[in-house]
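With the hints as extra help, turn the sequences into a complete structure.
The primary structure of each chain is shown beneath.
Number of protein chains: 2
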Amino acid sequence: MLNPADDAFVQKLAEAVPDLWMGVPEPRYLEEPRGRWKGQAGVLAKPANTAQVSALMAFCHAARVGVVPYGGGTGLVGGQVCSDGPAPVLVSLEKMTALRAMDAQSLVIEAGATLQAVQDHAASAGRRFPLTLASQGSAQIGGCLATNAGGVNVLRYGNARALCLGLEVVLADGTIWHGLKRLAKDNTGYDLRDLMIGAEGSLGLITAASLRLYEPPAVEGTAVFAVTSPQAAVELLGLAQARFAGCVSAFELISGWGLGFLRAVGPEVHLPFAQDPDWSVLIDLGLPAGMEAEAAFADLYEAAGDRVTDAVVAQSAAQAAQLWQMRESIPLANRRIGAISSHDIAVPVAAIPDFIAEATVLLNAMGDFRLNCFGHVGDGNLHFNVFPAEGRSRSDYDAPPVMEAVHKLVVERFDGSISAEHGIGRLKVGELARTADPAKLAMMQAVKTALDRRGILNPGVILSAPHKA
Amino acid sequence: MLNPADDAFVQKLAEAVPDLWMGVPEPRYLEEPRGRWKGQAGVLAKPANTAQVSALMAFCHAARVGVVPYGGGTGLVGGQVCSDGPAPVLVSLEKMTALRAMDAQSLVIEAGATLQAVQDHAASAGRRFPLTLASQGSAQIGGCLATNAGGVNVLRYGNARALCLGLEVVLADGTIWHGLKRLAKDNTGYDLRDLMIGAEGSLGLITAASLRLYEPPAVEGTAVFAVTSPQAAVELLGLAQARFAGCVSAFELISGWGLGFLRAVGPEVHLPFAQDPDWSVLIDLGLPAGMEAEAAFADLYEAAGDRVTDAVVAQSAAQAAQLWQMRESIPLANRRIGAISSHDIAVPVAAIPDFIAEATVLLNAMGDFRLNCFGHVGDGNLHFNVFPAEGRSRSDYDAPPVMEAVHKLVVERFDGSISAEHGIGRLKVGELARTADPAKLAMMQAVKTALDRRGILNPGVILSAPHKA
Numbered sequence: 001m002l003n004p005a006d007d008a009f010v011q012k013l014a015e016a017v018p019d020l021w022m023g024v025p026e027p028r029y030l031e032e033p034r035g036r037w038k039g040q041a042g043v044l045a046k047p048a049n050t051a052q053v054s055a056l057m058a059f060c061h062a063a064r065v066g067v068v069p070y071g072g073g074t075g076l077v078g079g080q081v082c083s084d085g086p087a088p089v090l091v092s093l094e095k096m097t098a099l100r101a102m103d104a105q106s107l108v109i110e111a112g113a114t115l116q117a118v119q120d121h122a123a124s125a126g127r128r129f130p131l132t133l134a135s136q137g138s139a140q141i142g143g144c145l146a147t148n149a150g151g152v153n154v155l156r157y158g159n160a161r162a163l164c165l166g167l168e169v170v171l172a173d174g175t176i177w178h179g180l181k182r183l184a185k186d187n188t189g190y191d192l193r194d195l196m197i198g199a200e201g202s203l204g205l206i207t208a209a210s211l212r213l214y215e216p217p218a219v220e221g222t223a224v225f226a227v228t229s230p231q232a233a234v235e236l237l238g239l240a241q242a243r244f245a246g247c248v249s250a251f252e253l254i255s256g257w258g259l260g261f262l263r264a265v266g267p268e269v270h271l272p273f274a275q276d277p278d279w280s281v282l283i284d285l286g287l288p289a290g291m292e293a294e295a296a297f298a299d300l301y302e303a304a305g306d307r308v309t310d311a312v313v314a315q316s317a318a319q320a321a322q323l324w325q326m327r328e329s330i331p332l333a334n335r336r337i338g339a340i341s342s343h344d345i346a347v348p349v350a351a352i353p354d355f356i357a358e359a360t361v362l363l364n365a366m367g368d369f370r371l372n373c374f375g376h377v378g379d380g381n382l383h384f385n386v387f388p389a390e391g392r393s394r395s396d397y398d399a400p401p402v403m404e405a406v407h408k409l410v411v412e413r414f415d416g417s418i419s420a421e422h423g424i425g426r427l428k429v430g431e432l433a434r435t436a437d438p439a440k441l442a443m444m445q446a447v448k449t450a451l452d453r454r455g456i457l458n459p460g461v462i463l464s465a466p467h468k469a
Numbered sequence: 470m471l472n473p474a475d476d477a478f479v480q481k482l483a484e485a486v487p488d489l490w491m492g493v494p495e496p497r498y499l500e501e502p503r504g505r506w507k508g509q510a511g512v513l514a515k516p517a518n519t520a521q522v523s524a525l526m527a528f529c530h531a532a533r534v535g536v537v538p539y540g541g542g543t544g545l546v547g548g549q550v551c552s553d554g555p556a557p558v559l560v561s562l563e564k565m566t567a568l569r570a571m572d573a574q575s576l577v578i579e580a581g582a583t584l585q586a587v588q589d590h591a592a593s594a595g596r597r598f599p600l601t602l603a604s605q606g607s608a609q610i611g612g613c614l615a616t617n618a619g620g621v622n623v624l625r626y627g628n629a630r631a632l633c634l635g636l637e638v639v640l641a642d643g644t645i646w647h648g649l650k651r652l653a654k655d656n657t658g659y660d661l662r663d664l665m666i667g668a669e670g671s672l673g674l675i676t677a678a679s680l681r682l683y684e685p686p687a688v689e690g691t692a693v694f695a696v697t698s699p700q701a702a703v704e705l706l707g708l709a710q711a712r713f714a715g716c717v718s719a720f721e722l723i724s725g726w727g728l729g730f731l732r733a734v735g736p737e738v739h740l741p742f743a744q745d746p747d748w749s750v751l752i753d754l755g756l757p758a759g760m761e762a763e764a765a766f767a768d769l770y771e772a773a774g775d776r777v778t779d780a781v782v783a784q785s786a787a788q789a790a791q792l793w794q795m796r797e798s799i800p801l802a803n804r805r806i807g808a809i810s811s812h813d814i815a816v817p818v819a820a821i822p823d824f825i826a827e828a829t830v831l832l833n834a835m836g837d838f839r840l841n842c843f844g845h846v847g848d849g850n851l852h853f854n855v856f857p858a859e860g861r862s863r864s865d866y867d868a869p870p871v872m873e874a875v876h877k878l879v880v881e882r883f884d885g886s887i888s889a890e891h892g893i894g895r896l897k898v899g900e901l902a903r904t905a906d907p908a909k910l911a912m913m914q915a916v917k918t919a920l921d922r923r924g925i926l927n928p929g930v931i932l933s934a935p936h937k938a
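Quick mapping for you: the protein sequence lines, in order, are chains A and B.
In terms of my numbering, the first sequence opens at residue 1 and continues consecutively.
In terms of my numbering, the second sequence opens at residue 470 and continues consecutively.
The hints are simulated quantities; they were obtained by calculation from the structure and are not laboratory data.
Beta carbons are placed, not taken as given, at the ideal position from N, Cα and C, and that holds for glycine.
Treat the hints with caution; some may be incorrect.
Computed far set for chain A versus chain B, every beta-carbon distance over 10 Å [claimed, not checked]:
#, residue
1, G35
2, R263
3, G266
Here are the simulated DSSO-like cross-link-like pairs (lysine-lysine), alpha carbons at most 30 Å apart as the crow flies [as the list claims (entries may be wrong)]:
#, chain 1, residue 1, chain 2, residue 2
4, A, K440, B, K564
5, B, K515, A, K440
6, B, K909, A, K46
7, A, K46, A, K12
8, A, K440, B, K909
9, A, K95, B, K909
And the structure:
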């Protein structure tokens, strides 16, 4: 069992690691974006370098005190806030933001750098780091890797895992794993890098990463197509891939409810169609030199036939940004409306239309809801969020049965995922335990015990905390 | 310590799993392509389904008998042949080849299917499974995944790991992990899939996999460019990516020595240039509809300036196949010449020219060698193979110092990989232990112990066998 980071411990830690910044965390370090969890911490530490992280971890390990990593604080599943059990040390790597190296294919950067900073470094060298999230101004690259962040360009470039070449990680006992390789291929033993990525800080603390850089496409274009149905959206994706395989950078489904929410509660954004279509898709193409984006979209529109009822092709970078602002504002509008239950699910791409149809029937039978379903249809990943009927409040509804019904459908009918990109955090620990393959759960526990035998790393994330188990 | 699969054990196993095919292995099951290792086995088992694999593993686990998985037998590092220690059960999944499911984005197939069969299934549905190896007619998909196979299309599509969506795995104690998800995104806990991929059968036995399928590019073309130097090759790759980002499917470096070997010892193939250039690159482009491959290559040739001295663009699929036959025949010519030491190394792409230059100087100082350096320059992965001087034999040379010198340069000077795509097997266990980060080795051992506490899975692969440790 763990010990709390109490005053006596903090004082000894200060003596053991004399130059380590420590203090009382401001309230923002104990909050998360949806306001569902409230964190606690004995102390906030802000190490300045990997050696300090190592000394800190070794000390916590010896004292059996929990360590909770705090990145940009943008995670949606409570991975960054420890709300019960012995008070942990909260660790922020915000002082560790150095760009350690960069060439045409990769860069090496410390974990506290924001995703925006990583993108900016890449752009300064004429390259691109393609991971793109609405929260990239705050989200830190360490957190993006710890949660295997997704976003809107996964279709083309893969998620955070696919974009990472190597890691520097401080393990539970303070040992430093020097794994900052910058290699596209390296078959020298077990894939510990990908084990750390997505482990949400429960197997090690990522202190730096080497990341893939890409040449930006020679020609880029953005358009929104109004489609007649989710089935039409999936077929349109197939038509796009047949023409532009490898060049479809984003393919995002937007529902009429999402546009309606934007009109009702803002933020104020430009909406492309005078009358909001029930379904539309936002498409980015990144094409070879010699092609024209507008002609490519026209070709796709022609091929789509009656699957598509209207389209707007951005005529400038500013118009493209407007279309993306619409897409990226949907989560904020959702928050203003107030979801009863939010679901970050994945099913096979071909099953998307059936999933939407069956989930809608299921929920309509359960109550009077508004369903805003949107997201990364090219990855089979939908944010299927359930809202109160107009004029009613989320407190009128019972949330757990809604979540359980959606997850049951996802898992049992479609062999899908109850967390496509947000992770498990503390929010979905019970749902994971309830729905996952037993052999997978047993392996995860065995790996956790093997790499963090005292259970000090982000206790309660992914797997139940020792004091709860 | 392990027990041998002796006659008494085999008889009890036959009673415990009555329908399991067992017999004495033919010699080919105890050999590997380069003839360096000779295997041993108490018995060869050919399970017909996952339940039989599970029963077999549970029985071996209880009896503490080692299990060595044998795929297509094409691996180059001895992962499939156990040459010492207690005789293991050799397990071939060659009876398990069923295609379990297929849609436009993925297929699910059993591990004993050959890579060629997987490609053929995909092609029959108008799709492509892009993993491509010279040995794909024999190599089984289970082995490709266990070794995280690479090949010539990694640049565009990634290695076997990137192409796998889910796995069914039998664990050391016979437990079946049902992980055949068909999802592009799934952040529900630790990445056990990628842990199994590349573990070379030492953490579990892969019995089936769900694999990504791709839309074939609308327009495809192949060309070979004669370049003035490795530096010119790397710069040409940069020019190609700037024009055709996402559409460069393969970019293979070929040395004059390789072409000379083909002329000297065959196999007889068509060579594109009357006079063999010192360096050339074989390029595949897969472009969007509306482009022309010949024009794209002409544009690239123009942009390359004096980096390129000649080029041949395939005018037909048959000509493209000829060019690829040249590339794929190089390993056979190498085998006929007889390498002193072969190295499957990776360095950052930008460091390729320096690596070749420095390794050449280093080896020239060590003795009189011919160096055939070729491979996947787009991935930073070279097969840097060292041959005797003309008229001399490999037995005139001392191989270990050559390998150690090359690996030392790769690791210490370039932070590279001593096994980019072939894996560790039994051949490089010592080299890995000598060169890897200590924290990485300790984590690998902890994971191995956590998932296979009796050490029965492919003993001696990647990490030292218990009887040697």
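Here is what the structure says about each hint:
no.: 1; hint: G35; result: holds, 22 Å
no.: 2; hint: R263; result: holds, 30 Å
no.: 3; hint: G266; result: holds, 29 Å
no.: 4; hint: K440(A) <-> K564(B); result: holds, 26 Å
no.: 5; hint: K515(B) <-> K440(A); result: holds, 26 Å
no.: 6; hint: K909(B) <-> K46(A); result: holds, 26 Å
no.: 7; hint: K46(A) <-> K12(A); result: holds, 16 Å
no.: 8; hint: K440(A) <-> K909(B); result: holds, 23 Å
no.: 9; hint: K95(A) <-> K909(B); result: holds, 26 Å
Checked against the numbered hints given earlier, this structure breaks none of them.
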